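Protein chains: 2
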Amino acid sequence: MSQASILIQKINSNTETIGIIGLGYVGLPLAVGFAQAGVTVIGFDKSQEKVDKINSGTNYIQDIRDAILREVVENIKLIATSDFSRIKECDALLICVPTPLDKFRKPDMSYIESACVSIGQNMKPGTFISLESTTYPTTTEDLMLPILEKESGMKHDQDFWLAYSPERVDPGNVSFHTKNTPKVLGAITPDGLEIGLKIYSKAIDQLHLVSSPKVAEMVKILENTYRLVNISLINELALLSGKMGIDIWEVIEAAKTKPFGFQAFYPGPGIGGHCIPLDPFYLEHIAKKYDFDLSMIHAAGHINMRMPHYMAIKISTALNSIKKSVNGSKILFLGVAYKPNIDDARESPALELIHLILKKGGNVSYHDPYISSVETHGGSSLQSVELTPQALIDADCVVITTNHSVFNPEMIQKHAKLIVDLRNVIKDAGDHVYKL
Amino acid sequence: MSQASILIQKINSNTETIGIIGLGYVGLPLAVGFAQAGVTVIGFDKSQEKVDKINSGTNYIQDIRDAILREVVENIKLIATSDFSRIKECDALLICVPTPLDKFRKPDMSYIESACVSIGQNMKPGTFISLESTTYPTTTEDLMLPILEKESGMKHDQDFWLAYSPERVDPGNVSFHTKNTPKVLGAITPDGLEIGLKIYSKAIDQLHLVSSPKVAEMVKILENTYRLVNISLINELALLSGKMGIDIWEVIEAAKTKPFGFQAFYPGPGIGGHCIPLDPFYLEHIAKKYDFDLSMIHAAGHINMRMPHYMAIKISTALNSIKKSVNGSKILFLGVAYKPNIDDARESPALELIHLILKKGGNVSYHDPYISSVETHGGSSLQSVELTPQALIDADCVVITTNHSVFNPEMIQKHAKLIVDLRNVIKDAGDHVYKL
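The listed protein sequences derive, respectively, from chains A and B. The first sequence begins at 8 in our numbering and counts up by one. The second sequence begins at 8 in our numbering and counts up by one.
Note that these hints are calculated values from the structure, not bench results. Quantities reported herein were computed from a predicted structural model and do not represent experimental measurements. A couple of the hints might just be wrong.
Which copy? The list can't say, so a pair holds if one copy fits it or any two copies do.
[Said to hold, decoys possible] Calculated cross-link-like contacts (lysine-lysine; reagent style DSS-like; alpha-carbon spacing at most 25 Å): (1) LYS209 with LYS263; (2) LYS295 with LYS250; (3) LYS84 with LYS60; (4) LYS186 with LYS263; (5) LYS263 with LYS205; (6) LYS263 with LYS346; (7) LYS113 with LYS250; (8) LYS442 with LYS186; (9) LYS250 with LYS296; (10) LYS442 with LYS250; (11) LYS17 with LYS421.
Next comes chain A alone, as it looks inside the complex (with noise of 0.2 Å):
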């Protein structure tokens, strides 16, 4: 009987056990779900803090119902670990490890090579392995299954199979969730799409299957590159309304009652987050080994970059108008998470923004309600204040960089001398409101 045919085997009867690389965003919820259906599953991460926390059942997803993680802890359907070694316990290994740019915008791809030699040096022969980590295309076949043989010994679709699923996670998204958004799977050979399909399809409701894993990558870059450049179209457009004495913001309310061909994107201080910023770049990479140059990812690079320093002119432009100069100015920012009603502020515009008001003087405090503190790119630190009136009445300026729903606008409005509001908060703007 071949690997393959004891694997399916295995799926048919629900005793397989599912390893979890990486228990952050897209590992842990897809961990949580395949618990819930019934399959046990290992969380593998190096944080032995985040490996505490679930094994105790406490929650640090903001995506997941803490009843949920502890519902499936206690029942010893997931148990979190970062010994690598066990995982040799498992059939399948879905790998959700980070994929950051280095300082000079290159791929770091150490965090899925490192993944690859752990599995390839601990697992069992019949092992399904899918990386979700949005990459540059050729990443599955031509850096993991080298990686995978060399470290193991063994043989790709005799010992083992390798494919490509890309997480299409969208923190704070209340519609869709890793369970019912379609996923893509790519594999390198027909059983190794056959075995992918059998797994995912216990915790994922509906697969697409794509004819190789590059045409997956391909996939997740496409659905990325298609926000960065459209955001930083709309951010482009945003700035030379504001020069024409165009209002952007009701410009795309109303384009948006076309009922056909048309996406709104809104603009804003910068693009942040952990895929669109990045992943395009990922492309970029990968393009010029095949002297390729990708003038609209350059263009809209170009332009998402420079935000934070056109909204540092703003700011001081606003402040201008009162006399003001950014150096020793109080300025309180409000919101540093990346999009609203999250707790994340990777990649955030805001840190950037921060980061220049500092350097130029500003007398610099924030408020986000679900961030208490923040490491602005320039390397300091600061607390979260309280948002009070008093606190708008201090500040020479209040620049809204995050719109959480739970901000608000009349109170603002009220007590601010001069905003700087960034996201439309403010709908009926005095002459003291400045807005992209």
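Starting from the structure of chain A, add chain B where the hints point.
Relative to chain A, chain B alone:
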């Protein structure tokens, strides 16, 4: 009683006459829409041929049903004329003239200027005027208003009212037509907005009012720029995918399964039609006045311009595989319309591609079921040939430039030796099919 009150009374009692200037794919459906709603309409066009056709009940626009045109002409709700002095019979004038770019991609405002001169010299006091043509923001107030006041000697907001309401006609769209597509309207003054709303409401189900003509002008530009940028992005990704051995069409189908935050666009040999390739350059034109560089539109325009050249190279590569040169080869193009199932070849990338292949010495013929003859961008005239098995067999290379639904992929694949498929018409492509 003010002129505004008199006009509103007239509209309320259904005794107003509406003049439509320009009876093309925008003006004629609008004229028919008003006439169907029981409003008396005079259609103006400089082309005596169009005028005669309409007055004899002969339709020349695909999106209008012949019977409906005949009906409104027979009921004398719609009459057409080339006599612009009859402008004085109209209470409202809706301008639907072309706004092309000249050879240097500069906006050609002569049609709008000429319409304004005719209106200014002929209109009676108490006339509402609305521009529907795409143009750069500020056109209505800064270009049209001075001409109208000068030519008429009348005063805006007292004797006449000026507004901008962009057309959203999508030729061939079976779900959305003039009446059920929401329409944006921005006027210079509140009276103008009120009158415009009352007039348009008779023929349009839903009006979306904005605060000024320039906001409405920017809405139209945003809608079309969004499409230009996204088509250019997918074209660029298609070119890279081709180099990487990734099927971009498979990638797009998979990305479409993402249920939020994505809208699919498809690659092609370039961008055609009357709006998308042109409108963004209107914005570039005005942006220069504000010392502003639109990098996204610039990059998008660049890709778009290069696409026919890349496609010419693809044809040459395909022929090279069978040891033939473009020079002297028989090349049959299928489809010259700029999008499927319509009879419009304006700005069609097929015309540019045919021109390039002719220049290289290709022996070119074309078939399009809806367009019997064309003039290429180089000025050559071609007649559509019949699409027979023999015509396919005789061609050294068959190039699919438009995906008309009536094309039969099996029949094309069966008889053609070599196919360059720029529209993903051939699904199970073998070695003799080159895809974009």
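Enumerated hints in conflict with the structure, sorted upward: As far as the earlier hints go, 8 and 11 are violated by this structure, in ascending order.
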